[in-house]
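Engineer: Read off the chains here:
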Amino acid sequence: MNKSFQITIYLLIAFAMLSMAFKLKPLTKTLSGFMPSSIYEVSYNFYIKGDDKKVFVKSYLPKSNHRQKISNVEQDYEKMTFKIKDEKENQRATWRSKTTSKFHSINYSFLFKGKAVKYNIAENLSLEKASSSYANYLVEEEHIEVHHPSIDSLARILTKNTKDLKSLVTSLYDYVNKTPSAPIRDLTSALTAFKQNQASCNGKARLFVALCRNRGIAARLKGGLILEETKKRTSHLWTEVNINGTWIPFDVLNNHFAYLPSNYLELYTGDHFLITHTPSVLFDYNYEIKPANNVPFINSANIEELSGHPISLLKVLESKIIPKSVLYFLLLLPLGGLLISLIKNVIGLKTFGIFLPVLIAYTLTTTGYVSGILLFLLMTLIVVLLSFPLNKWGLLYTPKMAVVLTATIIIMLMLLSVGLHYKLQWLTTITFFPIIIISIMAERFSRAIEEDGHQKALSTLFQTLVATSICYLVFSSVVIKTILLLFPELLLLVLAISLKLGKWIGLRLFEYQRFSKLITK
Amino acid sequence: MRNLKHRINNYLGNSTKVLGINERNVSLIYPNNERKYYKLADDKVLTKTILETHCIDCAKTYAVIERIGDIQAQWQAINRYDKIAIKPANGSGGGGIKILRKNDKNQWCSGGQLVDDEQIFLHMASIIMGRYSLGSDDRVLIEECIEPHPFFHEIYPEGVPDFRVILLNEKPLMAMLRVPTDESDGKANLHQGGLGIGIDMKKGKLQLAYNGKQYFESHPDNNNNILGKRIPYWEHIIAVSLRVAKHFPLQYLGVDIVIDKDKGPLIMEVNVRPGLGIQLANQQGMKKMLK
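Taken in order, these protein sequences are the chains called A and B. 520 is the number that this note's numbering gives to position 240 of the first sequence; each next residue is one higher, with no gaps. 1259 is the number that this note's numbering gives to position 31 of the second sequence; each next residue is one higher, with no gaps.
Derived by calculation from the structure, the hints in this document are not laboratory data. Keep in mind it's a predicted model, so treat the numbers as computed, not measured. Don't be surprised by glycine CBs; every beta carbon is placed ideally from N, CA and C. There may be inaccurate statements among the hints.
Straight-line Cα separation of at most 25 Å, DSS-like style, residue types lysine-lysine; simulated pairs [claimed, not checked]:
hint, chain 1, residue 1, chain 2, residue 2
1, A, Lys801, B, Lys1288
2, A, Lys395, A, Lys343
3, A, Lys349, A, Lys630
4, B, Lys1516, A, Lys801
5, B, Lys1311, B, Lys1431
6, B, Lys1433, B, Lys1515
7, B, Lys1491, A, Lys801
8, B, Lys1515, A, Lys797
9, A, Lys334, A, Lys382
10, A, Lys624, B, Lys1515
11, B, Lys1267, B, Lys1245
12, A, Lys797, B, Lys1233
13, B, Lys1245, A, Lys801
14, B, Lys1515, A, Lys780
15, B, Lys1519, A, Lys797
16, B, Lys1333, B, Lys1431
17, A, Lys797, B, Lys1441
18, B, Lys1519, A, Lys801
19, A, Lys624, A, Lys338
20, A, Lys797, B, Lys1491
21, B, Lys1245, A, Lys780
22, A, Lys630, B, Lys1233
23, B, Lys1399, A, Lys624
24, B, Lys1441, B, Lys1491
25, A, Lys395, A, Lys511
26, B, Lys1399, B, Lys1519
27, A, Lys283, B, Lys1441
28, A, Lys624, B, Lys1441
29, B, Lys1441, A, Lys630
Some chain B residues judged to face chain A by a derived CB distance under 8 Å, without partners named [unchecked claim]:
hint, residue
30, Asn1242
31, Gly1248
32, Ser1255
33, Gly1358
34, Leu1362
Isolated chain A (complex conformation) (with noise of 0.2 Å):
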């Protein structure tokens, strides 16, 4: 039988090693080092109709820099010219119609690849005026009115007492992050902005940018579109501040401080237009915007060779059958069987139930970890609560989960729609969670307090939210989930070290501990 067992793992091993063996060359061909969170496929769709008149339509293109990577460009367009002119930092494209025709649309789309950046501004930066050559972000400008005595004594006020560049810049931000929101959709003015208290995006972008520069300090505006899975006509206008030489963006609408999310696209620097076209014609626009199966680290434009490797999930990714999502989940579950394997096994936690902790851990991932991990304690709350008159009134057992089964899901619903009412995402977020397994799960909680004590059970739940907390941080890497998706041969190792950590006989973790007595005689 042992030697059946042994061969198994042998082929097992071996059979993953040849065939990741044959995917190494294809996939060293179509590496890219960018590890983007955000990816969608964007499209700018332009309609115009220019009667009598030839007509032309002038837009921002992006530009791939170290937090955005732009590819797999393609546009559609009949009967115009197309060209693209570098304007200082900026790229924009110019499509004119040949002839005094009717009806133009254009569609231009591209593969954005995106990541975060966060900046930590040091403390104790001297308050030095920037240098010439930034001369250019510190002028005034039409909607930017850096000198107005307005903006200067709002500038004097708000830095009387801020002795470096970032408490300056705070002080800064903070005043304007706080001023009112407003769904304006005008062009607002710095000046504006601040007469009125209140201001959509440009209106607060154009106000920073004033008062940073009416303290010496290079600042610029950022143009560009915030990406989620939706059709629509607003851009959005953010800044960057020149901090030591780095420009560093802040976005005083949505509250990034020195932070870019992964999902702004950067389309163009300096106050102007997305959009110009020839005046008094017909023309409307919009960005369409989806969410791409793009795989990460690979460059989708030369990626055949490896999804026509025999075991590629690629393929399966590309024809939709099941939502990327899912794909992962299903892939990360028996990583997630063999962690929980280790960290019973080898290090010795106990969890309630067997794999409550991988299914919690996911579910994490879609939650975010703090709101999750609280509404997984509140939902076991809910249900240790619930126990205590039914253990009392000594209800059998199958029935009595079907009642806490029932009235988790009443309470459940009933949070959801508080959520709903006073705007408490998280809160919504609830639905996410695996009730059954939870209500088992917290059921056996409620029993192990009667059994073992308040200490024993509090106690085995932390391992469980430990527990959690690793499969968690191995759930939350893009890395990981990547690298199951080009080699799911990675799941027969995973199988190969779970049936050999099913005959391994070591002391757990833990029980150095517990026998430490007879251990370090």
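The hints should help you fit chain B onto chain A, whose structure is shown.
Structural biologist: Same frame as chain A, but now just chain B:
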């Protein structure tokens, strides 16, 4: 430096002597105990059937109640006894066990409090309905109540201390005596705060007592002597546990034994997955004995 190396070697050497859960399961339980026989140990009624078939001493069974409808009739027959123990056949960790005694007015008492028939019936009904056996149907076992041997009272005056002997292939590996403490509330389980006392199996004498934290030469609550105390009936205890091992189709098992003041050693329970704390009580790893 050499000292450190010595200590590391010592540590690694000692850790290979201790039996852990993984090795117990993989090397001892799975290859030696067939799963279909687990129930012979897990179900106290089945255990006792085997014991009685082979005339191995155990507490006398007064009644086994399988159906709620039978409770009343069977109870009539029980009423002639003065002292009984009511147990769920498939309970674990002592859950659902009730000891009943009659007071001088011939009324049933449990833990010093009067109980009426209705309360007793309710308890038995909830046993049958699976309250103590994870929901699956169970049986009520009513048996004679053990009077512990005075030897135990010399150590601790309350509760029922018991011996645990672990055997592999009809060879005793290790033994300990479990004794309640003030903290353990009458229960003798190690993880409930009881004492585990190592046993010198050759001499039949008690060794140090372990309470999960430290070792004692005498009972920590009353200072009664433990270390070196001679165990009555020791040879008998070993012999009876060997007979259990012989007649159960389980090769690795833990046998729980009490000494009744009149009847001597009685088998209380058989365990398919005996715990590993016995190594701590004996201050040595069990792996040496496996060879």
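Engineer: Would you mind marking each hint as holding or not holding in the structure?
Structural biologist: Taking the hints in turn, this is what the structure says about them:
1. A C-alpha spacing of about 44 Å is found between Lys801 (chain A) and Lys1288 (chain B), which places the hinted pair above 25 Å, so the restraint is violated.
2. For a cut-off of 25 Å, the pair hint linking Lys395 (chain A) to Lys343 (chain A) stands: about 14 Å separates their Cα positions.
3. For the hint linking Lys349 (chain A) to Lys630 (chain A), the alpha-carbon distance of about 45 Å lies beyond 25 Å, and the restraint is violated.
4. Our distance criterion of 25 Å between C-alpha atoms is met by Lys1516 (chain B) and Lys801 (chain A), whose separation comes to about 16 Å.
5. For the suggested pair Lys1311 (chain B) and Lys1431 (chain B), the alpha carbons sit about 35 Å apart, so the restraint of at most 25 Å is broken.
6. Between the alpha carbons of Lys1433 (chain B) and Lys1515 (chain B) the distance comes to roughly 22 Å, so the proposed pair stays at or under 25 Å and holds.
7. With a CA separation close to 40 Å, the supplied pair Lys1491 (chain B) and Lys801 (chain A) exceeds the 25 Å bound.
8. Among the hinted pairs, Lys1515 (chain B) with Lys797 (chain A) is consistent with the structure: their alpha-carbon atoms are about 16 Å apart, no more than 25 Å.
9. Under the criterion of a C-alpha separation no larger than 25 Å, the hint pairing Lys334 (chain A) with Lys382 (chain A) is consistent with the structure, at around 9 Å.
10. With a CA separation close to 22 Å, the supplied pair Lys624 (chain A) and Lys1515 (chain B) stays within the 25 Å bound.
11. Taking the CA atoms of Lys1267 (chain B) and Lys1245 (chain B), the gap is near 31 Å; set against the 25 Å cutoff, the hint is violated.
12. For the hint linking Lys797 (chain A) to Lys1233 (chain B), the alpha-carbon distance of about 19 Å falls within 25 Å, and the restraint holds.
13. Proximity of Lys1245 (chain B) to Lys801 (chain A) is assessed by CA-CA distance (about 12 Å); at most 25 Å being required, the pair is judged to hold.
14. Straight-line distance between C-alpha atoms of Lys1515 (chain B) and Lys780 (chain A) comes to about 22 Å, which keeps the hinted pair within the 25 Å bound.
15. Taking the CA atoms of Lys1519 (chain B) and Lys797 (chain A), the gap is about 23 Å. The hint holds against a cut of 25 Å.
16. Restraint check: the Cα-Cα separation between Lys1333 (chain B) and Lys1431 (chain B) comes to about 46 Å, which exceeds 25 Å; the hinted pair is violated.
17. With a C-alpha separation of about 9 Å, the suggested pairing of Lys797 (chain A) with Lys1441 (chain B) holds against the 25 Å cut-off.
18. As the CA atoms of Lys1519 (chain B) and Lys801 (chain A) are separated by approximately 22 Å, the hinted pair is consistent with the 25 Å bound.
19. Note on Lys624 (chain A) and Lys338 (chain A): the hinted pairing is violated, with a Cα-Cα distance of about 61 Å set against a maximum of 25 Å.
20. Using a Cα cut-off of 25 Å, the hinted pair Lys797 (chain A) and Lys1491 (chain B) is violated, with the two alpha carbons roughly 37 Å apart.
21. For the proposed pair Lys1245 (chain B) and Lys780 (chain A), the alpha carbon gap of about 22 Å is at most 25 Å, so the pair holds.
22. At roughly 33 Å between alpha-carbon atoms, Lys630 (chain A) and Lys1233 (chain B) are farther apart than 25 Å, so this suggested pair is violated.
23. With a CA separation close to 31 Å, the supplied pair Lys1399 (chain B) and Lys624 (chain A) exceeds the 25 Å bound.
24. A distance of roughly 35 Å separates the Cα atoms of Lys1441 (chain B) and Lys1491 (chain B); the hinted pair therefore is violated under the 25 Å criterion.
25. Pair hint Lys395 (chain A) plus Lys511 (chain A) holds up; C-alpha atoms about 22 Å apart against a cutoff of 25 Å.
26. Restraint check for Lys1399 (chain B) and Lys1519 (chain B): satisfied, since their Cα atoms lie roughly 11 Å apart, inside the 25 Å limit.
27. With a CA separation close to 43 Å, the supplied pair Lys283 (chain A) and Lys1441 (chain B) exceeds the 25 Å bound.
28. Using a Cα cut-off of 25 Å, the hinted pair Lys624 (chain A) and Lys1441 (chain B) holds, with the two alpha carbons roughly 24 Å apart.
29. With a C-alpha separation of about 20 Å, the suggested pairing of Lys1441 (chain B) with Lys630 (chain A) holds against the 25 Å cut-off.
30. With a cut of 8 Å, the hint placing Asn1242 (chain B) at the interface with chain A holds, because the nearest CB-to-CB distance is about 4 Å.
31. Taken as an interface hint, Gly1248 (chain B) checks out: its beta carbon lies about 4 Å from the nearest beta carbon of chain A, inside 8 Å.
32. This hint holds: Ser1255 (chain B) has a C-beta 6 Å from the nearest C-beta of chain A, less than the 8 Å allowed.
33. Of the supplied interface hints, the one on Gly1358 (chain B) holds, with its beta-carbon coming within about 6 Å of a beta-carbon of chain A, less than 8 Å.
34. This hint holds: Leu1362 (chain B) has a C-beta 7 Å from the nearest C-beta of chain A, less than the 8 Å allowed.
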